[in-house]
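Chemist: Using the sequences and the hints given, assemble the complete structure.
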Amino acid sequence: MAAQNGESSPCGGVGPGHCGSASALVCSSPYFVVQKHPRSATRGFGLYATAALPAGFTFHEEAPVFALQQAMNKSLIRACCYCHRVVGDVGLQLRHFFAASNPDAHARLNQMPADSLPNPILSAAVMCPGGCGEAYCSQDCQAAHLQRCHRLLCVGPLGDRHPLVVFKRLALEQTENILLAAEAVCAVVVLAAENVCISVRGDAHPGAFAGGANDTAQFLQGNPADYRRLVVERSQEIRAEAERLFRVLLDYAHERWELLGEDSDDEDMDEDGREGTCEKERASVLETARRQLHAAFSSGGRMTPATPGPCGSPEHQPEARIVASFFVDSSELLSRIAGLFEKNNAHVVVPSPVNAYFRALLASPEARGPGALRETLEFILREKETAMIRVFGDDDDGDDEEDTCETPASSDQKETRRRMLATRFAGVPSEALLPAEGGGQQGEVERPRKALERLYVRMPFPMCMGLASIHLLRV
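Counting with full-length UniProt numbering, you get residues 1 to 475 for the letters of the sequence shown.
A few of these clues could be false.
Unchecked claim - Derived DEER-like restraints, expressed as beta-carbon distance ranges: (1) P38 / R291: 39 to 47 Å; (2) A99 / A144: 24 to 32 Å; (3) P38 / E332: 27 to 35 Å; (4) S325 / D89: 43 to 51 Å.
What the hints contain is simulated information worked out from the structure, not anything from laboratory work.
Backbone N, C-alpha and C define an ideal beta-carbon position, used for all residues, glycine too.
Modeler: Structure representation (structure tokens):
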């Protein structure tokens, strides 16, 4: 993620002996400094340019620290859970997209011969070993995400009643920022454990980690028994190190999550006209989430036996008890981190190569004239437009899709709408149903509904989109 025109992106390095202040977390740069706001101490740290920078100038690039693909976007595009690169081949992406957005097209796509379209591989598709369904673009991304936090949060081996499964359902119903906050807590505790264990190991074996990050990773992954023993023996030191990292993280502008409700007079008043309803509801959600997380990472969550491999039950992970200790009797930390992410986040947008794939196919000699390839392309691109309207809505939608009680009249209305959408793009050239190269940015996907009144909308295949922390703490 690039930071441009004064915007910031995650940067810096955290290791043993670092994190004395926020400025220690940032790479040395001639373009910006990290300091408190000069006129408002409550706004926390920020990046300040040291000189005037030209428009469009990229002054720093680094991967997001905490990033989470949005649930709705996740149903449309299959992406790496760690780096968010699109995974698998084109066929996998099309089937995944239509399965969620256009079941009729999905059924027809599955009936097509395997050689109907060229099917290049975009990247590998490496599944989570725990069976939760998360995918990665490589073994490296899988290993990195498992070590950082996913082995603590994987629900694959768990039953539907396990507290972690219940928590994730709650987070998806309420706000994904709570899910991102839980991931951040796990990641910071893991980082604290690594810092302490590596420091202890380095003192006992001088020069053992002279090779840097590679030697560190080799120790952590190649000596799991030693790592587990050190985590148990040094749990108090690890807890103190985690607290220090949290203090650094919360040096940035934030507020308790329950205080960041909608500024709506109607939504923030109860039936007797008293204020604070939204705050109370959010506080109740946080308390429920805290109890579920504490149960998930303590003996209270032991509803399944220990599972061999990297993705056993969360309470069996070495750092689990330390994570649980942050949720014993207060939702303060969870609230502040969720509030920090709500006040400070950036959209992560990873373009889908599927759009370039279809542009290249349409420009090929085989697709310029009538034939099976042309017919297949026309079908897919027109059904894509229909699917995107179904997903993002249209002025004609009304609220019928959300009716809990369907009547014969509403059912007929939906069927009529389906037939209209099925023929809406019948006369539109396929070339007009893809954005031009370089187009299809986030704003084009999230366009106002009125823009959908045109004959065709030229929506791209969806990109991988999510929220990311912009804070300068590398984990």
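Chemist: Taking each numbered hint in turn, which are not upheld by the structure, reported in ascending numerical order?
Modeler: none
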